[in-house]
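Asker: Go ahead and model the full structure; you've got the sequences and the hints to work with.
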Amino acid sequence: MATVEAKTKKDAANSKPIVNDFSFTVATMNGSGSQTSNLTLLRALFKMGIPVSGKNLFPSNIQGLPTWYTIRVNKNGYTARCESTEIVVAMNIDTFVQDLAQVAPGGAFYYADHLKFAIDRDDISTYPIPAKDLVKESGAPAALRDYVANMAYVGVLAHMLNIEMDKIKLALDFHFGGKQKAIDLNLGVIEAAAAWAAENLVKTDPYSVAPMDGTEGLIMADGNTAAALGSIYGGVQFLAWYPITPASSLAEGVITNIAEFRDDPKTGKKNYAIVQAEDELAAIGMAVGAGWAGLRSMTSTSGPGISLMTEFAGLAYYSETPVVIWDVVRVGPSTGMPTRTSQGDLSMVYFLGHGDTQNLILLPGSTAECFEFGWKAFDLAERIQTPVFVLSDLDLGMNQWMTTPFEYPDTPMDRGKVLWEEDLDKFPERWGRYLDIDGDGIPYRTVLGNRHPKSAWFARGTGHDEYAAYTEKPDDWEKNMARLVKKFNTARQYVPKPEIITTKGAKTGIIAFGSTTPAIMEARDSLAAEGLKTDFLRLRALPFTNEVAKFVEKHDRVYVVEMNRDGQLHQLLTLEYSPHSEKMVSLTKHDGLPLSAQWVAEAVMAKEQK
Amino acid sequence: MVAPDSSKNLKVNLAGLSKNEYRGAATTLCAGCGHNSIANQIIAACYELNVVPEELIKFSGIGCSSKSPTYFLNRSFGFNSLHGRMPSVATGAMFGDSSLRTLAVSGDGDTSNIGLSQFKHSMRRNPPMVYIVENNGVYGLTKGQFSATAEHGLTLKYQGENPYMPIDIVLEALASNATFVARSFAGDSKQVKELIKAALSHNGLAILDIVSPCVTFNNRDDARHSYAWSKEHEEALHDFSFVPQEDEIILEGEFDEGDTRTVKMHDGSTVLLKKLARDYDPTDRFKAMRVIEEANQNDILLTGLIYVDPDRPSLLDIHQLPEKALNRTTEKELRPSKKSLDLVNARMF
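From first to last, the protein sequence lines are chains A and B.
This note's numbering puts the first sequence at residues 36 to 645.
This note's numbering puts the second sequence at residues 1162 to 1510.
These aren't lab readings, by the way, just hints derived from the structure by calculation.
On a predicted model such as this, the values are computed, not experimentally measured, just so you know.
It cannot be assumed that every hint is accurate.
[Said to hold, decoys possible] Partial pick of chain B residues on the chain A-facing surface, computed with a CB cut under 7 Å:
#1 N1241
#2 L1487
#3 R1496
Heads up, the beta-carbon is just placed ideally off N, CA and C, and yes, glycines get one too.
Answerer: The structure is reproduced here in structure tokens:
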């Protein structure tokens, strides 16, 4: 992160140019069409080969409340959210004053010129944008002017920052799916604004972009779309869901994309079904029913939905029913902050269900991994015969991320231990639904539609013996629960192992998971610059595997960094590795914003200096 | 894959199965419980319809009624799910193999209290399923609390007098556009059996609200869900018979057409409604609501086929499923090709 020294407006023009290393924030009202403008800027920068990230900080509202979109360009490839913003574009009257105050010294402040405010800072460059006039002059029909007004700042920024116009065209073409009329309408405003800026504005700030080759081989995608596509490549057969921010776009991603791959081109028949349920209770109920019936079954939700799904999670765990549940985490408890990101559901999901319950959790750390876990979750659920939760979050799920392309599954589908008619004929002994024949805790199952007269069994949430018959015998209960523990331990060999990144000579470790990864990676560089070498274990699943134990053992001190109040991963680690609990240090942030590298580095250094 | 019954002396049906093959475990409900007699009629209906047990799936929620699927069709797959959530589990499961029939048993607490939402929403979707509500107005397993179908003013031993108005399951079903709505009384075995047969032939959700007295907690002679009151106040809408497709020829000439109405079911079978006190048309939803409302006001337990719409597409029709069972689909059919992923990646920005 380049440091920006305070400069006056006068000498700003003479300062050294800062290229491809800054953040800018656009302040608008939600529902004003600004998302199209912001994504156009983001995508154009990406196509220029500049590593870029975009974070939408939006309210839980349809129209009229303030919303901010922050784009960071960084030649080193850092994509975490920045604490500072060097450029601000103020389009919202309600937040004008705070937006002005937010600009880093030496930065630039662009503002819609119909917002009449005194600008009382002389340490920044200020530029008006005559958004209303530009739209009028662009010839946009009156009825559509409000929708394209935000394109004015795209045009002005394009000129002032050197964003290439042909890349903006590519971005518009993508956004509007090649619809020429919409592209022309928006491009008209952008070009008019760029031309106006060229004629009327004198650049006095140092920030600009230049093409580079930092995005080659990468794609842009949001985690929810990636998860949806991954689920399709995992052969999803049943999806039941209920709308909830920030998970809706996951189910909608399946709905939008699946027909192309899975509808029979001749007959139009569909070998899958998607049902929008009346609530999350019904969504998971249907998904559990379908999973029990032998389908690759899933649901997607967020915290409040998970709360409602608790009883079914316990039923699925105890009846040993495969089902995949995506939790795109937002800030709780309660309704909390529905449009802000969090990692606060970890311990709830790990133990979701009353009584003794433990669940398998996958923890994607990138959009490519959302795709990977999209298909892998089904293999794991059917292999282990248990619910598999995938914890993404709002930041990962809803924002656009640079990512490596999605990789085709490298293993065939694992449908687990399912017996069909011919398998039962050959089965060496009396089959029992909950009989542990292989000694790994995983029994064999049959599914409905099996016509073998010995295939049927009665699934139940009540106490059952090895043959699925009702029992309240104390020994039967304990024996079955012990087998479930054995099965859970078997799962440790199937869950994705952590990713471990080491530095020679490091004695300090960092453990984190999910969307905080870019912040941790960047913080490690700045910590190294300050003389603290760190190793990084990025957890990819629960339960813990041996690699985690070794990592904890190996390091003198282990920082556990996460986005929740109570240090939930830290709690789980200290439970699992209690002899090492003293060297595990919890660092938590739970303000609803994506983690910044600056915060991570400062939090670590504060503990180091103690 | 049907295993013919080995004991040679037993009478078998067209599926080659004796009635024993349709039985379940011994009941653990109270002696005289209405639910047991309904379980017996499920066995009889499936036997008489030549249902292959492996080709039917059974479901229930939680409660006395929901225990009963273990008392019939041992050779059928079943799921005793959560309190009030049976409809969702059954809905998801039936997509596994759409060639199977689905039969579910619930109770008045399971359906009209905790499960009212899933009950109502299932009717919007019309899943092909027999949905029996064994209705006794009282919670049994938790020892005698009011359910939502308990009548206003009902007095129970430990609860006192019910101050609230009841929910009428038939009216709820009619209001929610259910495609098959019937009411019966567990004491009327023949009618229960014939209605179950017709419901099993219905291509959609068939709601059977069956008054099934609780001999332990709610069987005082003046209580609406008691044996005595129901016997005394039952009035059948019609003499109801189910005629399977293969027996249809019998219909010709045997009945006086002026006295009967017939409704053609989706699978080609027929229900035959012999006129009793009135001429009742069960395809008129508005009249159905009226006749039930009037019966309720006049203290009549009106039984029979109250409403049927045999032709509305079922949930499985709507989803355009292939003939082959979804749960037998192979990896090749489910996982898109490697080549297609290159296109997907190219399509991302």
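Asker: Work down the list of hints and note, for each, if the structure agrees.
Answerer: Here's how the hints hold up against the structure:
1. N1241: With Cβ-Cβ at 4 Å, under 7 Å, it holds.
2. L1487: holds, 6 Å
3. R1496: This interface hint holds because 5 Å falls under the 7 Å limit.
Comparing the model with each numbered hint stated earlier shows that all of them hold.
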